[in-house]
Structure formats: structure tokens, C-alpha cells
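Add chain R to chain H, keeping to what the hints say.
Protein chains: 2
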Amino acid sequence: MTLSSTSSRTFDQLCNHFQETTLLHSANSLLEWDERTKLPTSGGPYRAEQITYLAGLIHQRETDLQVGAWLEELEGEFTDQDASGDKWVVMRELRRQYDKKTRLPQKLVEGLTRASVLGQQAWVEARKNDDFAILQPLLDDILKFKREQAECLGYEDVAYDALLDEFEPGEKTANVTRVLENLREELVPLVAAIQDSGKTPSLEILNREYCVEEQRKFGESVAAHIGFDFSRGRLDVTDHPFCSSMGPHDCRITTRYDAHYYPTAFFGILHEAGHGMYDQGLRADWYGLPPGSYVSLGIHESQSRMWENLVGRSYAFWQHFFPAAQAAFPTVLQTITLDDFYFAINDVRPSLIRVEADEATYNLHIIVRFELEQALIAGNLSVADLPDAWDDKYQQCLGIRPANRADGVLQDIHWSAALIGYFPTYSLGNLYASQLFDKAEEDLGNLNAQFLQGEFQPLLRWLRKNVHSTGQRYPAADLVHRITGTEIHHGPLMKHLRDKLEPLYGL
Amino acid sequence: MTLSSTSSRTFDQLCNHFQETTLLHSANSLLEWDERTKLPTSGGPYRAEQITYLAGLIHQRETDLQVGAWLEELEGEFTDQDASGDKWVVMRELRRQYDKKTRLPQKLVEGLTRASVLGQQAWVEARKNDDFAILQPLLDDILKFKREQAECLGYEDVAYDALLDEFEPGEKTANVTRVLENLREELVPLVAAIQDSGKTPSLEILNREYCVEEQRKFGESVAAHIGFDFSRGRLDVTDHPFCSSMGPHDCRITTRYDAHYYPTAFFGILHEAGHGMYDQGLRADWYGLPPGSYVSLGIHESQSRMWENLVGRSYAFWQHFFPAAQAAFPTVLQTITLDDFYFAINDVRPSLIRVEADEATYNLHIIVRFELEQALIAGNLSVADLPDAWDDKYQQCLGIRPANRADGVLQDIHWSAALIGYFPTYSLGNLYASQLFDKAEEDLGNLNAQFLQGEFQPLLRWLRKNVHSTGQRYPAADLVHRITGTEIHHGPLMKHLRDKLEPLYGL
Numbered sequence: 000m001t002l003s004s005t006s007s008r009t010f011d012q013l014c015n016h017f018q019e020t021t022l023l024h025s026a027n028s029l030l031e032w033d034e035r036t037k038l039p040t041s042g043g044p045y046r047a048e049q050i051t052y053l054a055g056l057i058h059q060r061e062t063d064l065q066v067g068a069w070l071e072e073l074e075g076e077f078t079d080q081d082a083s084g085d086k087w088v089v090m091r092e093l094r095r096q097y098d099k100k101t102r103l104p105q106k107l108v109e110g111l112t113r114a115s116v117l118g119q120q121a122w123v124e125a126r127k128n129d130d131f132a133i134l135q136p137l138l139d140d141i142l143k144f145k146r147e148q149a150e151c152l153g154y155e156d157v158a159y160d161a162l163l164d165e166f167e168p169g170e171k172t173a174n175v176t177r178v179l180e181n182l183r184e185e186l187v188p189l190v191a192a193i194q195d196s197g198k199t200p201s202l203e204i205l206n207r208e209y210c211v212e213e214q215r216k217f218g219e220s221v222a223a224h225i226g227f228d229f230s231r232g233r234l235d236v237t238d239h240p241f242c243s244s245m246g247p248h249d250c251r252i253t254t255r256y257d258a259h260y261y262p263t264a265f266f267g268i269l270h271e272a273g274h275g276m277y278d279q280g281l282r283a284d285w286y287g288l289p290p291g292s293y294v295s296l297g298i299h300e301s302q303s304r305m306w307e308n309l310v311g312r313s314y315a316f317w318q319h320f321f322p323a324a325q326a327a328f329p330t331v332l333q334t335i336t337l338d339d340f341y342f343a344i345n346d347v348r349p350s351l352i353r354v355e356a357d358e359a360t361y362n363l364h365i366i367v368r369f370e371l372e373q374a375l376i377a378g379n380l381s382v383a384d385l386p387d388a389w390d391d392k393y394q395q396c397l398g399i400r401p402a403n404r405a406d407g408v409l410q411d412i413h414w415s416a417a418l419i420g421y422f423p424t425y426s427l428g429n430l431y432a433s434q435l436f437d438k439a440e441e442d443l444g445n446l447n448a449q450f451l452q453g454e455f456q457p458l459l460r461w462l463r464k465n466v467h468s469t470g471q472r473y474p475a476a477d478l479v480h481r482i483t484g485t486e487i488h489h490g491p492l493m494k495h496l497r498d499k500l501e502p503l504y505g506l
Numbered sequence: 000m001t002l003s004s005t006s007s008r009t010f011d012q013l014c015n016h017f018q019e020t021t022l023l024h025s026a027n028s029l030l031e032w033d034e035r036t037k038l039p040t041s042g043g044p045y046r047a048e049q050i051t052y053l054a055g056l057i058h059q060r061e062t063d064l065q066v067g068a069w070l071e072e073l074e075g076e077f078t079d080q081d082a083s084g085d086k087w088v089v090m091r092e093l094r095r096q097y098d099k100k101t102r103l104p105q106k107l108v109e110g111l112t113r114a115s116v117l118g119q120q121a122w123v124e125a126r127k128n129d130d131f132a133i134l135q136p137l138l139d140d141i142l143k144f145k146r147e148q149a150e151c152l153g154y155e156d157v158a159y160d161a162l163l164d165e166f167e168p169g170e171k172t173a174n175v176t177r178v179l180e181n182l183r184e185e186l187v188p189l190v191a192a193i194q195d196s197g198k199t200p201s202l203e204i205l206n207r208e209y210c211v212e213e214q215r216k217f218g219e220s221v222a223a224h225i226g227f228d229f230s231r232g233r234l235d236v237t238d239h240p241f242c243s244s245m246g247p248h249d250c251r252i253t254t255r256y257d258a259h260y261y262p263t264a265f266f267g268i269l270h271e272a273g274h275g276m277y278d279q280g281l282r283a284d285w286y287g288l289p290p291g292s293y294v295s296l297g298i299h300e301s302q303s304r305m306w307e308n309l310v311g312r313s314y315a316f317w318q319h320f321f322p323a324a325q326a327a328f329p330t331v332l333q334t335i336t337l338d339d340f341y342f343a344i345n346d347v348r349p350s351l352i353r354v355e356a357d358e359a360t361y362n363l364h365i366i367v368r369f370e371l372e373q374a375l376i377a378g379n380l381s382v383a384d385l386p387d388a389w390d391d392k393y394q395q396c397l398g399i400r401p402a403n404r405a406d407g408v409l410q411d412i413h414w415s416a417a418l419i420g421y422f423p424t425y426s427l428g429n430l431y432a433s434q435l436f437d438k439a440e441e442d443l444g445n446l447n448a449q450f451l452q453g454e455f456q457p458l459l460r461w462l463r464k465n466v467h468s469t470g471q472r473y474p475a476a477d478l479v480h481r482i483t484g485t486e487i488h489h490g491p492l493m494k495h496l497r498d499k500l501e502p503l504y505g506l
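Read top to bottom, the protein sequences are chains H and R. First residue of the first sequence? That's 0 in numbering that gives the first Met the number 0, and the numbers climb one at a time after it. First residue of the second sequence? That's 0 in numbering that gives the first Met the number 0, and the numbers climb one at a time after it.
In isolation and in its complexed conformation, chain H is listed as follows (with noise of 0.2 Å):
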């Protein structure tokens, strides 16, 4: 399409604006990526009053009366022809965005950031002396607020739908619900069967002495292997991996190191990676706009869970790999044979941590929060007997039961960083995984044919092709669609699974 010259004016100047933002928003990356990865252990109520500080900035300027005036000026401007154009996907976001932003005050924007950062750091503490106490009451700070934050954006049906179109957009409660049901009740009988089959991997050999620093520099090498650019980014260390990106060449990613639990740092640096991949292959010369963003959680988790399970637990990935981890730790792996290792990294149990979960059990995890945060939030449940409700749920679900609290409510930093709304994008991204890996084995070939000679460009350049360089072209659903022609559904990956475990568990 072709703006008149004003409007033109105006588009730049809209553009330019969210641009400022985005330095402001960079910044506050940085500021929360050393946070967690660098910051002095007195640093913490400072820095919550300078991350606090400029997502008020932020705040500010995503809701400036003269944004809402310059998408008015240009909205006459664009027809229904011109979907799917950039301007076109920066006009349909900035509009969405400004609707949700300008129904937030700006105390609330401010008293749920600051909360968020004390919250997290109180988790700190908390996970550390085992003492859910520490951070209960601010648990009970950040569920006023993010009630608070459903009513002012408004909602259909329920008020955790607001909270799940922050991090999904477009997804609803209803829908999640039903697929995760779809889900489980064929994943309960696969779990059941493994579990009687009497077969088990020996588990020993992950848990043998594997140093520290040549798990550094070995995750490092593979993850370089398979496509992210360390020369745009960097691998730390923290107590909670995450990935975050401050630039349009800034990409962190980060682990955590465990000497006597191999899959822990690996598959946590190839999990990462994977959103890290997915952000570097966002457009640069969009950066903070649209079309350079990405465009949900779900869609972020799916590339992630590709990349940990679909590429890095296939049996192709380690006959390329195994040598080369058989080299870096000789005197652990050097007596172990391919198949013991494969069977043991795809072990399948019930077990109490969601980032230690194998690929099966990982989503009666994520029913088991899903489950409790809708509670929360509905009123249900208090903060106070979340703990408890926590070891019934994992009881229920996975049939075992925490000992203490730092293994069961405490293990993720999630709500404490008032993030609720955002534990089933984790399930999503799992089930669009499957679901997009099974399109691109259809467009390339046979993958793990390719896996077993080193070569991961294929994939990560057919990724980068339908999905990352599209940013939010499409909502998420749409994009999968678009993609693979189906709507999101279990069946991709339960074939994944009973591909996998069956043979491995003569099932």
C-alpha cells in the first residue's frame, strides 16, 4: 500500500515513537538479566526501584494520548487488501496493544512491576531455606494486583482469560482446557503402561561426576552447532534459566550447572538456545516493532521444545554427538555405550521438578499449575493453602508427593515474577512443536538423516523462513494453520511419544 506523504509523516513518527520505547524496554532487559545472573546479593532493592522506574517510562509512553491519535489519523488509511503488509502489522499490534495498555493505570503498572521484582527475589531466598513463609505475602501482593489487571482489561468468560491473552494472545481458558483434556487422557495410559513394562534405563550413568567447566564448554560447542550466534549473544549462569534479548543482536541465554545431574545444564542450554535461535532469527530492521516480535509464548516454547526434545533427545542427535561427549567426559562416558545413554536421557517417571520432567509426564506438570493458578485467580484457592493444595495436585496428577517445599510450590520462580496465564504456553508450545517438526520433515526430508550427519541448517533455516521471520504477521493459531493446515491438536505429539517410548519400553 502507499501512504500519502503525511500519513507517511505520521507512520514514522508512530514508528519512531515505539522505537524510544523499546530502547527503554532494552534497557530494563539488561537490568533484569543482571539481576538474575550478576547483580551483588545488596543490590536487590535498588534495582527493583530502577526496573520499577522505567516500565513506568514505558508505561508512559505505550499509553501517550498521541499514540492513540496518530493510529486514529492512519487507521482510515488501510483496507482489508492490505493484511499481512508490515505497515499493516504494525497498525492491527500498536491499535491491540494500545487498547489493553491505556485500561492499565499507571500505579497498578508500577505497584505489579515493583512486586514482581521483590517477589523474585524473595523466591531466592524462599527456594533457598526451604520456607514458603518468605514469600507469601508477596504471593499475596502480586494476586491483588493481577486480579486487578483482569478486571481492567475485561474478559468474556472467565478472568484468567485476560491473564492468558497477555502471554497468548488470542487463546482462551476454554480452549486450553479442552485440548490439555484431549491430551491427558491419552497420556495417562502411556505413563501407566511404562511404568508397568518393568523396563528402566539405568539412571546411574547421568548422575556420575560430570565438571562443570567442560559442561560449559561442551553445551557451548553443541549450541553454537545447531545455530545460535554467539557473536550476538552469551550463555550465563542463574538460579532459573531463562533467554532474554536487550538488542536486536543481544541475545542471553543462561543455565544452571549441576556436577552429578548431566541432563540438568545440557538440555537446559539446548532448551534455551532454542528461544534464543527463535530471537535471533526475528527481522533486525523491525526490532521492537511487530514485525520484528515474537509473537506468542506458545510459539517461543514450541521452538524451544524442539530444539531440547525433538532434535536434542532423538536418538540421530546423539549418534552425531556422542563421540564428542564421550571426549569431553572420558572417564564418565567413555564405558557407556549409545543406546544405555539414549534410553537414560528418555527416561519416563513421574517426578516432582517440571524442568527435570521427561517429555511425557512434562504437561501433567503444567495441568497441575494451570489448574491452581486459574484457582488463585478465580478465588478458589488462598495463598495460603497453596502449598498444601500443590502436593494434593501432584498426588493426584503424577501420583507422587513433594517433601518439602522448595521441591513442590517453590520449585519455579513463575508466579513470584507475576507471571500467571503463562505455565499452558508451555503445553501449547509443546503440542505446536510436533505439530510443526512433522511440516518440516514433509518440506525437507527425513530429518533425522540429516541430524545424523551434523546438519540442523535445514531446519533452522525452514524455522526461520515460516516462523521466525514472520514476528506477529499472524496470531499464533493463525500462523500454525497457515503452517502445517491443521488446527493445534495432541495427535502429533503422542505419535512422537509412542514413536519414541514404545520401542524403547517394548511396549
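Be a bit skeptical, because a hint or two may be false.
For chains that are exact copies, the list does not tell them apart, and a pair is met inside one copy or across any two.
Quick list of in silico lysine to aspartate or glutamate cross-link-like pairs, EDC-like style, CA-CA up to 20 Å [unchecked claim]:
id : residue 1 : residue 2
1  : Lys37     : Asp235
2  : Lys143    : Glu180
3  : Lys37     : Glu212
4  : Lys106    : Glu19
5  : Lys392    : Asp81
6  : Lys127    : Glu74
The hints are simulated quantities; they were obtained by calculation from the structure and are not laboratory data.
Relative to the frame of chain H, chain R by itself:
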């Protein structure tokens, strides 16, 4: 003094305004620290945009007409009787800074900031490639901006005065010239006598292999022992070491390691820890406001040079720490005597690199830079001619000539970072350090006897009370005069050098 309730409210608004500005300032400090310690190689240009944008916001706030109105409203309420009270210090300094900053156009501030960030990035490249041409166009820009800055700020005598005043408020070029000339007159004969003595220590012991990881551990433990608080700070690696604070309880020092030259990192760490302990000794309740801010770079440097040289290169210091150093580097130091080590780290000889220069010749390096940058600003020297002019001055002042640009004009980052008028504060710091140290010894008794016992707290407490906690209550020269009873002069430094060097070289 007591302010009326209206004025009291105005005063709080004024302080609150500057505390919020400090949130932006400190966020920018983190962006800069990160740029020099962690930033991925491709992240440079966008980082420059982030820092520039925040600097623009800061400048807007610092020159906000509202600030002028608040100051005017309040100034009538203060009398000379209030001088030295915290509130009076706030008023005096904010007025001084406001009058200066309002003279600088926003465009100049942003241009200067961007040029300085890009200049630093170019400097890293230029130094690595030993190629001044990479830096030259950026340095041309920077000089243009600095001359414009001096004209905007105004001056009585020479343009350089205006730039010097940015780092050493109240100090004059003519006075610094006079003091440094007096110093040079006594220094040159001392250095010549040392060169003629025929005595030299064995420097080979410093060039053996010192494991970098052990250097880090030992350096960190000594920094903690003398009083740098790591719960409120950190130590990282960089190209050109610096110290920076990004919060009242977040002070970060940096160093660079050379596995085959021990003094670089160790004395670098002591130096930056000296800066860091000053920052950590500022009043946290006044963070970002004049009573909680450092008074001048000369005073800042007096702290770093005191801990690096007067403490860290003393015989008593090593009587205490040498056994621990031998344990940290057993294969290197086990067969070395304390006396040989002490002589080696106090070796005096004309050399090329300022930051590795000995205590005596160090000030000759400063005189070179002080004269060159005056000529650059006055327009008597072009950037194109600077590299050769540098080499000629080294020939003239130190009797040696750099073999390449990296060890010549490219060795320091300052000019690339638009820091002009900064270098002389290093020598002021050396002079102040000796004056303050002598007075501390007068008050505390034999300091060396304390160092021998590993006791550094008495000196640190004395500095906290007399220097750190006074913030900007008195201008630098006034502060030193109040503490020591004397004007700035070269006597104490020369006496310290003679007392140490004459016995070592048998003069």
C-alpha cells in the same frame, strides 16, 4: 536550618526529581559496565543507541526549567550560616550543576554521548589491530564536540579550564601546570639517579607463569581483606579496567589478567578496590545527591592510588601477604625472597604503558597527556598528527619511543571516551594521596605496623570518616586543606618516593 513547610515540600520535590534522574543514570552505568565486560561483539551499535537515548533523557531532566524554579524558590531561605549542612550542600551543588548543564544544548549532549560510545568501540578495534586510522575520524568528532562543549560552558583563561572543571570542580589549568612542574623538577633528577645507580631488581620473577584463576582468587581475597565489600560489589574482566557504581550497594570493579606479568591484575585490583571502597563509603541515604556523591576525580584517584601504592606496594603489606601469595603461586614464588619480590614490584624505570608505570615515572606519563590534550583543544595539534606527537613527547619526557601505536597513543581509552581534562586528575590524586596518608599516620600512629599485622580497618575507617562520608560538602582542594592543613603540594609524594627508593637503589 528549618525550612517552612511549603519550602520543605519544594525541597523534597527537588530531591525526588534528582533521585529519579539517578535511577536513569545508574541504569546507564549498568549499560556501560555491561558494554565493557559482557556485551556480545555484534551488540555495540544498538548499545550506543540505548546509552545515548538515556543520556538525552537525563540531560532533559537535569536542565528541566522546573529545577531552576525550585532552586530559585528555595535559595532565599538559605543563609551562609547553613553552609556545610546537608541541605545547603544539596542547594549549592545542584545550582552549580544546573547552571553548567543548562548551557549545553540537548543535541550536543546526545552527539557527545553517541560519539563516546562509538569511540570506545572503535578504540578496542584500533588497539587490537594496532591501527590508529580506525579511531581517527571518531576522535576528530569527539574533539569537535569537546571544543563546542568548552565554549558553551565558558571559561576565563583557556578552553581547557572548562573541561578540567568537569572532573575536578574549581581546579584551574594554570595551577595544575604549576604543581606538576614543581613535581617534575624533583622527579626527573630522582629517576636519573636511580638509572645511574647501576642497581636493578630481577624482574624475571614477575614474568613467570601466574595462573589466571589463582590471580583472580588471590586478588579477590586481598581486596575483600582490605575492605572492599563483595556483598555490595563484584570483580570482572575488561580491556581497560575501571570502577563503576550502579546503585548505593552495587559497586563493580574490573581488571585484566596477564598470565606472564603479575602486577597488571594484582595492583589493578587494589587500585580499583580503592575507588570501590570510596564509592562504598559514600552515604547510601543520599545516593545520587551531592551529600552522597564523590567530590572530584582527583579525590577519587587519591583513594585508588593510596591503596595501590602507599599500602599495596609497601614492605609491611607484603610482610603480611607474601606467605599467602607463595601459597597461591607455589611453583613461582616458593623460592623467591620477600626482599626480591618487594624490590621487583617497586622497580623504577621509564616505560611505555601508563597503567603499568612505577610510582615515580607515572606522573611523567600524565604530563605527556596533559600537554597533548591541551594542544588538541587549543587547536595547536591535529588528530592526524597526534600519534607522532605522542611518540615525540615520550622521547622527550621519558627518553623512550613506542615501537607501535598500540603501546603509544592507543594505550588509553580516555580520549576515545571523550574524557579530556581527565588525565591530570591522576596526578592530583597521587599528590592528595600522600598528603592524606601522612595525616592519617599522624592521627593513627604507625600504619606500617598495622599493615604488618594485616590490619587495614583503622586506615579505612579514617578515610570513611574524613573523606568518603563528606561527599561533596567541600570542594576537593578545600577538603584536603581542612583535613591536612596544607594546600596541594608535591612534598609528601616526593618524600614518600625518596624514603622508599633511596634505600632500594642505594642512593
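> Failing hints, ascending?
Replying inline: 2, 5, 6
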